[in-house]
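Protein chains: 2
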Amino acid sequence: MDDDDFYDRNLALFEEEMDTRPKVSSLLNRLANYTNLTQGAKEHEEAESIGEKKKTGKSPQMGTFMGVYLPCLQNIFGVILFLRLTWVVGTAGVLQALCIVFICCCCTMLTAISMSAIATNGVVPAGGSYFMISRSLGPEFGGAVGLCFYLGTTFAGAMYILGAIEILLVGAAMLNNMRVYGSICLLLMSLLVFVGVKYVNKLASIFLACVIVSIISIYIGALVSAFKPPNFPVCMLGNRTINGHEIYDSQCAKTVLVTTSLWKQFCQGPELNSSCDEYFMTNNFSEIEGIPGLASGIISENVWSSYLSKGDVVEKGSLSSSHFSHPASTHQPYVFADITTSFTLLVGIFFPSVTGIMAGSNRSGDLKDAQRSIPIGTILAILTTSIVYLSNVILFGACIDGVVLRDKFGDSVNGNLVVGTLAWPTPWVIVIGSFFSTCGAGLQSLTGAPRLLQAIAKDNIIPFLRVFGHGKANGEPTWALLLTALIAELGILIASLDLVAPILTMFFLMCYLFVNLACALQTLLRTPNWRPRFSYYHWTLSFLGMTICLALMFISSWYYAIVAMVIAGMIYKYIEYHGAEKEWGDGIRGLSLSAARYALLRLEEGPPHTKNWRPQLLVLLKLDEDAHVKSPRLLTFASQLKAGKGLTIVGTVVSGNFLHSYGEALAAEQTLKHLMDKERVKGFCQCIVAQKPREGISHMIQSSGLGGMKPNTVVMGWPHAWRQSEDPQAWKTFINTVRVTTAAHLALLVPKNISLFPSNSEPCTEGYIDVWWIVHDGGMLMLLPFLLRQHKVWRKCGMRIFTVAQMEDNSIQMKKDLATFLYHLRIEAEVEVVEMHDSDISAYTYERTLMMEQRSQMLRQMRLSKSDREREVSEDMSIKRLHQSLQQPPNSLYFRDRAVSGGGGGSSEHHRRVQMTWTKEKTSQYRATHSGCSTDHSNVRRMHTAVKLNEVIVNKSHDARVVLLNMPGPPRNQEGDENYMEFLEVLTEGLERVLLVRGGGSEVITIYS
Amino acid sequence: MDDDDFYDRNLALFEEEMDTRPKVSSLLNRLANYTNLTQGAKEHEEAESIGEKKKTGKSPQMGTFMGVYLPCLQNIFGVILFLRLTWVVGTAGVLQALCIVFICCCCTMLTAISMSAIATNGVVPAGGSYFMISRSLGPEFGGAVGLCFYLGTTFAGAMYILGAIEILLVGAAMLNNMRVYGSICLLLMSLLVFVGVKYVNKLASIFLACVIVSIISIYIGALVSAFKPPNFPVCMLGNRTINGHEIYDSQCAKTVLVTTSLWKQFCQGPELNSSCDEYFMTNNFSEIEGIPGLASGIISENVWSSYLSKGDVVEKGSLSSSHFSHPASTHQPYVFADITTSFTLLVGIFFPSVTGIMAGSNRSGDLKDAQRSIPIGTILAILTTSIVYLSNVILFGACIDGVVLRDKFGDSVNGNLVVGTLAWPTPWVIVIGSFFSTCGAGLQSLTGAPRLLQAIAKDNIIPFLRVFGHGKANGEPTWALLLTALIAELGILIASLDLVAPILTMFFLMCYLFVNLACALQTLLRTPNWRPRFSYYHWTLSFLGMTICLALMFISSWYYAIVAMVIAGMIYKYIEYHGAEKEWGDGIRGLSLSAARYALLRLEEGPPHTKNWRPQLLVLLKLDEDAHVKSPRLLTFASQLKAGKGLTIVGTVVSGNFLHSYGEALAAEQTLKHLMDKERVKGFCQCIVAQKPREGISHMIQSSGLGGMKPNTVVMGWPHAWRQSEDPQAWKTFINTVRVTTAAHLALLVPKNISLFPSNSEPCTEGYIDVWWIVHDGGMLMLLPFLLRQHKVWRKCGMRIFTVAQMEDNSIQMKKDLATFLYHLRIEAEVEVVEMHDSDISAYTYERTLMMEQRSQMLRQMRLSKSDREREVSEDMSIKRLHQSLQQPPNSLYFRDRAVSGGGGGSSEHHRRVQMTWTKEKTSQYRATHSGCSTDHSNVRRMHTAVKLNEVIVNKSHDARVVLLNMPGPPRNQEGDENYMEFLEVLTEGLERVLLVRGGGSEVITIYS
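For the protein sequence lines, the chains are A and D, in the order given. Under UniProt numbering, the letters of the first sequence match residues 1 to 1009, in that order. Under UniProt numbering, the letters of the second sequence match residues 1 to 1009, in that order.
Some hints could be false.
Any copy, or any two copies together, can satisfy a pair, since identical chains are not distinguished.
To be verified - Calculated pairs, EDC-like style, for lysine to aspartate or glutamate (alpha carbon to alpha carbon, straight line, at most 16 Å):
(1) K682 x E604
(2) K673 x E604
(3) K796 x E830
(4) K956 x E992
(5) K816 x E832
I should point out that these hints are in silico values taken from the structure, not numbers from a laboratory. Please read these numbers as outputs of a predicted model, since none were measured by experiment.
All chains, please: the whole structure from these sequences, using the hints.
This is how it looks when you write it as structure tokens:
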């Protein structure tokens, strides 16, 4: 306790908040073993606490060399080096082969740099590349890329198996043999993985040793060849290579006293006078040295490409031949090209031999210092392999004859592996070394792929993969292994290494592309959290890597590329719709933010053009005491305006003190959000806690929105039953809002009787939307029905436009003009011009005006007598009760009025007659007392307009689904507020659904394209 | 006057605003001839008023047939039909040829649909497709697409000329001949266009007639061939076609008593026993019918493709041949393929024969009812031409032998146009017809292209083209014609129709792609202005069209496609940077809006992850009386936080009544914008006019931002010299804002002495950013220096982190922990743990507390005596003067204090001593009077912390560039406000630049990846 007291005293400035803001020393204590960071760390913790149980025995102690460099090396070197590199050199020529190797190595090097940056950006909780990508690009990309990586690894397994079989069956690579032996091999390997995965891991170093020994034997062989070339004679007929398998008697000659086996194959019979192939006749056999050796200068022959078409004979350009005719059939004993080659194809075939760079980062959990080891180890391994490949390209080109290089299966050298011919001391070093390393790589693929699938499945982002998350009792992923084996079997059924290689190339390139993308994105977005310890990255490098990946994909095979992209895209979309929602703090959110910011900043350049005007609504809702929305139908109406494609901000003002009402504000926001969800309005909501709601509304109208996404239209409800209301604030606030809206140059929509407006589930099947176009107000009146009719509720409603012709107007011409105008506006509507010639101001008008005036006057007098209270009218709530008591008498008048007129649409005639009976004298009396009063005169004129218009409107539009009307402007001084409300009431009397529309002062519709 | 009066009276409700909102009848009067629409119509008006002068004579009176259908027809039919369609059919086979034609026609049909929608979306002020695209996609796209269209048209001119020459020189299409004759032809045509463009237009109908006659003659010819095939014998050797030109004696035989001319070409000498070509020896000559006719069933031979490589001999598959050797040289008299063909190549060559669909829409100005005629006419024309092409493919395949079809230049039929051989009554109909129509098309291209260029140049969106806007006195575009001729000459120098065609294919496809894009975009974005009269469009169709365009581009030649896209992209960027800014109300703004909305809605899903936290600043600026920003350096500091990549909202509150201060608010906004431009802060600004600034700030903090782009950090200045200020509102508002910020869970940054902070042009070359990490507040303290150091001003500053160890802490372990923590945070900083063991509360503390208490107490007493005023303190300005007079005595104390401590960083020791001299007794006195008072006790403790901390901080960080400090929370009740300010003053005393930091309650930094 004493300590505590001291501690409190000692940092007393901050004591009030010690519970939420811990003192640094106590935080550091807790941080000592990196747990307990509040947000974002929880799932890591869980993962780690599970991991820790296992790891307690062995602490991560591997260094850069053992932990990253060697695994990478082993994964990168592969079957292609032994089986295809010679052929690539022979076909593409040394220069282009160097180019291929260089591009592929560049691609992986750049990817490794990006990967290093990602891997060193914070603690990677054991899991490797999939985790890295998914945590920095989000579940959608992560899942898609993870599955690509999985498929790539699986097909790599198939490729290794095919390679192993090819080494075994060398020279007789029949498709069906491949399939049968390959499937058997796959089955055996899968069983091995199933029963004893730990042996596979232990054998890794043996496999690596095999590779290294093989490579060393190649280097030594190449050096030795400079002094003492190995003896691999190749039999040539003219400039054509003879298939060594077909020389049964090892005689490379036409006749050796008797005819040779070759004679029999070119001629009809064994006799010297039998008819023979013409080429055979005109050319002679010769024997050349298959491996002339480093000192022979053969490289000058190999430096240029010699791509062959399928079925072409492998020829040696430097030898002469007397005849150019094609061989008649592939049964002749030449060495034929088995596929048509091109630069792009070779890229696709070579690429798998540079993959495997993720091997180091996959072991992040076992490393002593992952953030140092991963970049160094991976990049060193890539450099090593690149140098080996590049030097091998040159050595092969310099030591081996072109015809042997181009001879994919070593047919001309008796079925030896071509690369084996160069090996010292014997080709068997390569055969055995490559076979074992290839088998090992296949086993590792079959081990790794199911684990990757299991990890993805356990992340639960791809629901249909869930089953693969389960495993045997010891956690081994049985089902995943099964799936992996099945997919690998597909690859094996293709039965050709040259066809499988491009497939896995695609998937790996896809994965590398996204690694580069993740790095480039995060660098460009400058997320504060992007602080990789590895600092030699740059977004241009990542971008270059990305471009190379994309280019390689399309170069090596554009249709595979498209298929791979479509697969990845489908996975992406699937995860987006069905995947569990994971928040890993991915970079995509940063992208959204940047995109939003960029788009908003673009928008801000200048006001929108008339053509681009679309309603950007600020819907002002009111919450009642129980925090329910008072007129939810207002939002329904907003959603029917198809503003969903524009902008909808739903705002509300809660009265109170913000310092104490944060929770209330959040609750109100939640209420609005729920309502928006219910009404399917996509938009934003805002809640302001204000001490004076009127100020709050004013501030909301001024400040809501951002940049170009500011609302241009305010939607608010009509203060229902304002005359009977206890609270004059409601309609005062209404008029104030109208004024603020006008001052802010925003348009205003006021639906009256909003509760009668149709909900989204009650489509109008017929009827009209009527527009009373009295003053031209920017065209809102024409545009709104068009927008409404885009919505299913209003789709079947017709549109009618009425306009008022007065005495001086030519109504026929007006109608014609209006119709043409609408034609050019591309709006379909019936047009009607209503004539309003009657200029007499009726008694009814006077009476209505009188009633209104009386009421206002009474109020005014009361206010005068209590002048000191007047100032507080707009702010003090105590006036409520006063008002209530005072308004009773006039209200009783209005009640009758309302009761009569409230009956329905068609009652205006009746209505008028009723009112007629008791007003004439009062009117004249009123006129006498108030004559000469200008406001009175204008009020009468206004009331006259209102009454007359109402009469015409009710007459024409009583059956309309909704009537759109110009909303007149509010009076300049506050005295006339009540009159204004009264005018509006009179104007809309007897109409069921009215939408009062006030333009924002700019054109919103144009006839021009 | 009387009328006016009446008019006013009659619509009195709206009279106040009649000046801004015209009555509908008066608007309609003005609209009668579609001018005078206020916004967006001005430039149209101008364009029209110029146009009207010209048009007054002839009113637009053309109908669908004459105005759209025929021009389209004439433009679509072209030279390819006559010169290449037979060859396409022969090479690709009937089926694939149908496929090619179908794809191309689909592409144009879909484009026509999109174009129709665009063309009928409002009045197109004469100008055609370029105007349509530029007005709906904006100047950037418009310019790029317009230039593509221009280049396409120009190359089309070159192609037509090459075609015409090819018709003339048929059978001997030597490259250099083509170049020489083509250039001459181009020169002549250009001169013709230059001197007499009106003749070109008048000849149009003649050209069209030529085409129609030719096509009809083909149909008749095909029908006639069923009964009486024309006689076109083709000489074959074995299955190889013999070049008819080489048969000088018209003998298709080896010997006719004497050796024929053919003999001489295959053999060494004319003698019968001379050595001959082997193929010649073993095969015999035969003569087949080149045009077997409709009834012959030859179609079964032509149905499949037979693509040839360059140099292959055109062979007839159905004939047998005894020997397969390749011809030794191309000097032998066979018909050879001159280029290597493939499906994709043929697409590129055929496509130009479906272009020209814009011809109708280009004439929109001359049409009686453009909105009806353009869709109908264009679509009918495309249907007609499609049917003609498709039927011709079948007819050609059914009437003509494959070897003749594949014989591009008609070598086997004595150099006749292959299509001519089918014509009835004579091939000359086709030769003459196609020659004239081709010349005509060439002339029209040379006429149209310069005009298009002129139109683009006149729009002034591409500055370097400005010169081409000028023309001759009569408006003819001389310079543009010159450029066009030069570019066309480039095409002619290529000298091969087959090589020029893919080029223009690219440009046209590019243009069509954008037409489709424009339509799809506008449909998807649902711009309210998108109301095309032509209603049979759908975004899927446009999208399909777009996809086909893109696919065709890449299929026909992916490198051309990339080049064309790069050209278009460069033009786009050029216009973006250098083009005149035009606001045509393009759809791109709608796209920005949708993008912003989409991105913002994405953002709104859930709060951001710790990893994604970045400062989203709300910078609160204050304007002085002259509407200048008080501390512009605040914005400089915000920009240095690299929040430019996040979000910056700059807000200010103007006090006043919004109804009257709209202009003022706009002016304030402009001031902020200017300042933001000056400080290069990209962001948004907001200005609220509020009657009570404090409320305004509260509402701004609550409501600024939108969705996920709400600020999470408030930046505000320290109320400078608050103790001397006349206006207590300033610091009251400050504390209130701190409270509101805390209540809203936002972070807060308060730079003190902001005017001393470095501007963007004064980079720190050395020194440290010091962080005093006292309580863990989400990590802001660690993140801010990192962010600052991203900016050039702070880049060279080091970072030091200090933390305070108290008695119970193990400071060595703390230092180690802190270092590890920072390592994992990837933040480089020097770490220091400062021990603060001294627990005695010094006399100085008591003295400072006392001073503070005294001051507060005096104020409190004054308030108590005038309790009725107290309520108004926060609202009434009259308290100002009162305060001022009352604060003088305590202020004098503080002035001394400030004067001493204001001296600089290192003076704290001195400072302390000065204060020591006169406080001991006062302190004890104070303690005596106030003992037992809990607030007093806590105040003393707080002051103790402040003093102690300040001492340590000044000691360690007096030379730091900036010191970051935790900001303690404001007191819970308002009584302590002044004390709080005083604590902060004491805490930061003697430090030059201080940044007080208060977290928002969430973690902002994590060690995890």
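These are the hints, each one checked on the structure:
In the homo-oligomer, the alpha carbons of K682 and E604 lie at most 16 Å apart only across protomers (11 Å), although the nearest pairing inside one protomer, at 22 Å, exceeds that limit. With identical chains, the CA atoms of K673 and E604 are at most 16 Å apart between copies only, with a shortest distance of 11 Å across copies and 27 Å within one. In the homo-oligomer, the alpha carbons of K796 and E830 lie at most 16 Å apart inside one protomer (14 Å), although the nearest pairing across protomers, at 73 Å, exceeds that limit. In this homomeric assembly, K956 and E992 come within 16 Å of each other (Cα to Cα) only inside a single copy, at 13 Å, whereas the closest approach across copies is 76 Å.
Taking CA atoms no more than 16 Å apart as the test, K816 paired with E832 passes inside one copy only; the shortest distance there is 10 Å, against 86 Å between copies.
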